[in-house]
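My request is simple: use the sequences and hints to build the entire structure.
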Amino acid sequence: MNIACEALSRTTATASDVERWRSDFPLLRERVRGRPLVYLDNAATTHKPRAVIDAGNDFYAYYNANVHRGVHTLSQRATDAFEAARVKVQRFINAAAPAEVVFTRGTTDAINLVAQSFVRPMLAHGDEILISAMEHHSNIVPWQLVCEQTGAILKVVPINDAGEFQFQAYELLLGARTRFVAISQISNALGSITDIERVVALAHARGVPVLVDGAQAISHVSVDVCTSDCDFFVFSGHKSFGPTGIGVLYGKAARLRAMPPYQGGGDMIRSVTFEKTEYADIPQRFEAGTPNIAGAIALGVALDYVAAIGVDAIVTHERDLLRYATRQLSCIPGLRIIGNAKEKAGIVSFILDGVHPHDIGTVLDGEGVAIRTGHHCAMPAMQHFGLPGGTARASFALYNTQQDVEALVAAIHKVRRTFR
Amino acid sequence: MTGEPRDLYQELILEHCRRPRNFRVLPEADYTARGDNPLCGDQLDVYVKLEQGVIRDITFSGVSCAVATASASLMTEALLGGDTSKAQRLSEDFQRMVTEAGNSSHCGLGELVVFGKVREFPSRVQCATLAWHALDTVLRESHGDAVCSSSAIERSPIAGDQEFVR
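As given, the protein sequences belong to chains A and B, one line each in that order.
The first sequence begins at 1 in my numbering and counts up by one.
The second sequence begins at 1001 in my numbering and counts up by one.
The set of hints was computed from the structure by calculation and includes no laboratory data.
What you were told as hints is all true, and nothing was included just to trick you.
Rough simulated footprint, nothing fancy, chain B against chain A, three-plus residues with beta-carbon under 8 Å: (1) 350-358; (2) 361-370; (3) 382-391.
Glycine included, every Cβ here is placed at the ideal spot set by N, Cα and C.
Below is the structure:
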């Protein structure tokens, strides 16, 4: 390591805050292979603070009941907590009404819902859907399915070699046959942040509705569906300190009301006869069957937790970490960072000369450092950079520290020694 | 069970990763098959030239990690010049070694025992078996062809497969 790298200034302003945040997460006290856990796989999933774990457990321990149907006390308590969670989501993303918040199993489920219920019915042969070259498979495959079903065409907005969304090409691709745009706000593989307001404004100018895949954005940047004016915004609970198996589809009320149900079943109907069934109003129309009640309640608590810390504080902390990690990693001989967008979230994808990412991951794991390796469910983005074996990816959350980055750097040096 | 990375990355594996043997496309191959690892996107192609059941040449190409590359490299060395039934046996023994715990003997595997620790890294088993899965495909196809050309008794390809699919 050269002197310039050693002399990098450290950001210590929030060190005690971060220590306090860390103490909220039981899993961060775990040791891996006898070493303190250095968890840098937050883009895959985040850990859960004690309050979130307790919220899920408390539901089952103290007021487990089904929602929206029983007249008994427990059912009312469960319903109240479930609906209160919906309001928490509404406020967190600044939706106009709780009815615009549909609970789903996660981002993937939400995108499939929109693809099948909103987009599919309006597509004709030769119509076009626009996505970008750095989408997660969950924002590619549902659209391919819809295209197969309707004869529509999937068009891809290119990225440049920094991993930035190409607006000029986007404007050219937005054509007379474009029916829908689905773009991720933050690339999970590269960390690039796309200016969603601009994406939406350009599409709306041509009357095209937009879905924003917010899986990586939620709790890492400020999300405001009112300001961005997107028609749909989707995210998963587990990437935002909440449980797995719960996610959110935000949709403008007028859009949701115009959509047929995605799945049929209980809880999504107004009345059922064998001749005709009347569907419930939104959001219940899209929540067939008993929902993940504990998950929704715990997600509400997770968003409370993030709101109490403040998204701005998180953004600042993660930006400092990104800057520190980028500089430290750039000092490692043979290491190349993939994705150098001007606007980037706390995600660093990298490759190391002569070492496959998979091997990097195994050696790092031996040092207690957890990262993701491979294609990150974004194979087309990897192909853009000519990296069929993918990259190694470190991704940060509010509880990561400069020491975590230093452990990562030390472990990468061990990789280099192993494969010398 | 999880092992220490240094047990996985033994010198023989690192050496074959740095200098893989028989690492080239084989245009005159009679059989070619691809191994895919959906976890990381790695792909290896295995090429085999057969003469009356004997592997006259065997090579591989593709992009893969150290474990998959070294496994493919050592595989080609172990199989070159042998017959398909030996290849079949080695493939079964190798895949059993990297997936099943126990103290069964792997003496027939020779240098390939260096991969014995892979089973302590469950996420890496697919890497070690990538080339072998491609080999299995080659063996199934060659077996099917041999049956078709040498036997008057009609056998469905599925019946042929079942002898090889474990």
